[in-house]
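Student: In case you want the letters, here they are:
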Amino acid sequence: MTSVLNNIRSIWRRRQLIRYFVATDLKLIYNNKLLGYVWTLLDPVMMMLVYTLLVVVIFKRGEPRFPVLLFSALLAWRWFTFSIVGSVKSVTGKAKLVKSVNFPKATLPISRVLVGLANYLFALIALVPMLFAFKASIGFQLLWLPLLIAIQLLFTLGAALISAVLGIYYRDIENILQFSLKMWFYLSPALYSARDRIPEQYLGVYMTFNPLAPLLESYKNVLVRGQNPDGYIVYSLVWSLLVFAAGIYLFSVKEPYMARDI
Amino acid sequence: MKPVVEVRDLGIRFPWKADRRRTLKKALGDVLRLRRKRPGRKWVWALRNVEFDIYRGETLGIIGRNGSGKTTLLRTIAGIYRPDEGEINVRATVSPLLSLGTGFQQELSGIDNIYINGVLLGFSEREIEKVLDDIVNFAELGDFIDAPVKTYSSGMTARLGFSIAVHLRRDVMLIDEILGVGDARFRKKSEEKLKELIYDDGRTVVLVSHSLNSVKRMANRAIWIDGGTIKSVGDPETVINEYLSSS
Numbered sequence: 001m002t003s004v005l006n007n008i009r010s011i012w013r014r015r016q017l018i019r020y021f022v023a024t025d026l027k028l029i030y031n032n033k034l035l036g037y038v039w040t041l042l043d044p045v046m047m048m049l050v051y052t053l054l055v056v057v058i059f060k061r062g063e064p065r066f067p068v069l070l071f072s073a074l075l076a077w078r079w080f081t082f083s084i085v086g087s088v089k090s091v092t093g094k095a096k097l098v099k100s101v102n103f104p105k106a107t108l109p110i111s112r113v114l115v116g117l118a119n120y121l122f123a124l125i126a127l128v129p130m131l132f133a134f135k136a137s138i139g140f141q142l143l144w145l146p147l148l149i150a151i152q153l154l155f156t157l158g159a160a161l162i163s164a165v166l167g168i169y170y171r172d173i174e175n176i177l178q179f180s181l182k183m184w185f186y187l188s189p190a191l192y193s194a195r196d197r198i199p200e201q202y203l204g205v206y207m208t209f210n211p212l213a214p215l216l217e218s219y220k221n222v223l224v225r226g227q228n229p230d231g232y233i234v235y236s237l238v239w240s241l242l243v244f245a246a247g248i249y250l251f252s253v254k255e256p257y258m259a260r261d262i
Numbered sequence: 263m264k265p266v267v268e269v270r271d272l273g274i275r276f277p278w279k280a281d282r283r284r285t286l287k288k289a290l291g292d293v294l295r296l297r298r299k300r301p302g303r304k305w306v307w308a309l310r311n312v313e314f315d316i317y318r319g320e321t322l323g324i325i326g327r328n329g330s331g332k333t334t335l336l337r338t339i340a341g342i343y344r345p346d347e348g349e350i351n352v353r354a355t356v357s358p359l360l361s362l363g364t365g366f367q368q369e370l371s372g373i374d375n376i377y378i379n380g381v382l383l384g385f386s387e388r389e390i391e392k393v394l395d396d397i398v399n400f401a402e403l404g405d406f407i408d409a410p411v412k413t414y415s416s417g418m419t420a421r422l423g424f425s426i427a428v429h430l431r432r433d434v435m436l437i438d439e440i441l442g443v444g445d446a447r448f449r450k451k452s453e454e455k456l457k458e459l460i461y462d463d464g465r466t467v468v469l470v471s472h473s474l475n476s477v478k479r480m481a482n483r484a485i486w487i488d489g490g491t492i493k494s495v496g497d498p499e500t501v502i503n504e505y506l507s508s509s
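If you read the sequences in order, they're chains B and U. For the first sequence, counting from 1, position 110 maps to 110 in the working numbering; every step adds exactly one. For the working numbering, count along the second sequence from 1 and bump the result up by 262.
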């Protein structure tokens with residue numbers, strides 16, 4: 001336990017390093033300002049177009065305002081996958097550095113998550129015109145947004161720390177991860193609304209055991225529907241705390257041997 | 263006088279290469295076949311029963327063949343590896359000399375990289391700013407300092423790396439095979455700079471080198487390690503002669 005606390009303290013002491021890692025990554029992405037911005041948006045926009053074509057045009061399904069509902073969920077989802085996929089190789093990709101300097105390795109996945117957060121916040125700007133175009137009901141419910149972001153940040157940090165450890169010890173994790181994330185995406189309410197599609201008797205299980213489900217529904221509620229966050233968001237918060245604690249603990253236990261094991 | 267670094271019965275081991283990293287597939291296979299115990303991991307000792315002290319102000323040379331454990335020892339002093347046996351007490355701040363250009367971001371400028379490298383080594387922005395001009399001048403990069411590092415020649419990259427390392431330093435400097443930086447003129451300049459740090463500044467230096475000459479010239483004590491254990495400690499001249507006559 002003391003090693004966990006020491007670890008948190010040493011990460012906090014080196015927060016300047018995290019700032020530098022994040023700034024470096026952002027500089028690389030946004031070096032060419034406009035192109036960089038368009039580039040990070042390209043992926044979620046393309047995904048939105050593909051799914052809109054599939055769901056609305058081909059299958060003639062989807063609720064009203066489907067594209068903007070989907071997009072507001074997709075941006076948050078992208079932040080999550082960007083962080084997790086990047087964290088898996090965050091330590092192994094810096095093997096040379098890890099073997100030459102003694103620094104808190106947790107700064108690597110943490111920086112990745114924060115870069116994802118910055119991208120997410122930039123992308124929100126692009127969401128604004130869409131909200132108006134689709135006549136979203138924008139209200140004071142938007143004030144919930146920072147809380148939702150905080151819950152997701154905590155959850156993603158925990159998951160990123162765990163992914164970074166797995167990435168060191170299981171080198172085939174990346175293939176499995178791609179597939180699992182796809183599955184997770186379809187099991188989360190991005191392409192549909194949970195309360196429409198999930199049978200009443202399963203809704204509780206669905207919302208309780210997928211921490212991202214209440215989060216995505218809540219993003220759609222506060223950004224597009226002008227409603228309060230989904231009541232199940234409390235479960236997401238509990239999950240976030242658990243996963244964050246588990247991530248910090250696992251990483252702290254493994255950290256002393258990382259330089260040797262990569 | 264208490265030593266700044268105390269190494270006692272130190273042992274560092276590595277997983278045998280073949281099972282260094284498992285795959286999920288294998289782990290899952292073990293579970294499915296109900297194999298409770300994984301076959302015990304095989305270990306290789308990179309260092310064992312290593313014991314010595316480092317005193318303030320001395321320059322300690324470490325010599326030995328490739329794979330004898332020199333770099334592992336240096337990394338352990340730097341806190342990168344944790345001892346598997348014995349212990350190591352470090353009563354000073356230690357700065358590793360990054361092998362030249364480690365951690366450089368190719369797309370960013372030399373200035374940016376000075377800051378990144380400095381922060382990585384644990385220095386604050388203010389401390390870096392104080393020596394920024396010295397670093398830039400010593401590296402002799404001129405206007406290139408504002409250009410992306412990817413446009414540098416390998417000599418320029420090495421010069422910048424060396425310059426950062428000697429200007430942003432701690433009580434104990436760890437140097438791994440770096441005395442061959444840049445062209446002949448810069449080599450001479452870098453060796454002079456090191457000597458200045460050692461003699462005028464009273465820095466404690468641990469020097470790992472294949473170049474027996476530079477150990478002889480700079481160190482006032484030497485350690486010869488072979489196969490992960492200490493063969494001989496003492497006056498550089500004597501240790502080097504023992505090392506030479508063994509092969």
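Simulated from the structure, these hints should not be mistaken for lab results. Hints may be right or wrong, so weigh each one.
[Claimed, not checked] Listed below are the simulated DMTMM-like cross-link pairs for lysine to aspartate or glutamate, each with C-alpha atoms no more than 25 Å apart in a straight line: (1) Lys-135(B) <-> Asp-25(B); (2) Lys-89(B) <-> Asp-25(B); (3) Lys-478(U) <-> Glu-504(U); (4) Lys-451(U) <-> Asp-433(U); (5) Lys-27(B) <-> Asp-395(U); (6) Lys-182(B) <-> Asp-172(B); (7) Lys-99(B) <-> Glu-499(U); (8) Lys-288(U) <-> Asp-172(B); (9) Lys-94(B) <-> Glu-320(U); (10) Lys-455(U) <-> Asp-497(U); (11) Lys-99(B) <-> Asp-315(U); (12) Lys-450(U) <-> Glu-504(U); (13) Lys-94(B) <-> Asp-315(U); (14) Lys-27(B) <-> Asp-405(U).
Student: Please go over all the hints and tell whether each is borne out by the structure.
Tutor: These are the hints, each one checked on the structure:
1. Lys-135(B) <-> Asp-25(B): violated (35 Å)
2. Lys-89(B) <-> Asp-25(B): holds (15 Å)
3. Lys-478(U) <-> Glu-504(U): holds (13 Å)
4. Lys-451(U) <-> Asp-433(U): holds (22 Å)
5. Lys-27(B) <-> Asp-395(U): Roughly 24 Å separates the two Cα atoms, so the pair holds.
6. Lys-182(B) <-> Asp-172(B): holds (17 Å)
7. Lys-99(B) <-> Glu-499(U): Violated - the C-alpha atoms of Glu-499(U) and Lys-99(B) are around 31 Å apart, more than 25 Å.
8. Lys-288(U) <-> Asp-172(B): Cα-Cα ~10 Å, so holds.
9. Lys-94(B) <-> Glu-320(U): Not satisfied, since the Cα-Cα distance of roughly 33 Å exceeds 25 Å.
10. Lys-455(U) <-> Asp-497(U): Given pair Lys-455(U), Asp-497(U) holds - Cα atoms ~23 Å apart, limit 25 Å.
11. Lys-99(B) <-> Asp-315(U): holds (23 Å)
12. Lys-450(U) <-> Glu-504(U): It is violated: about 28 Å lies between the C-alpha atoms, which goes past 25 Å.
13. Lys-94(B) <-> Asp-315(U): Violated, at about 32 Å.
14. Lys-27(B) <-> Asp-405(U): The hint holds at about 21 Å.
Going down the numbered hints, you'll see the structure goes against 1, 7, 9, 12 and 13, while the others check out.
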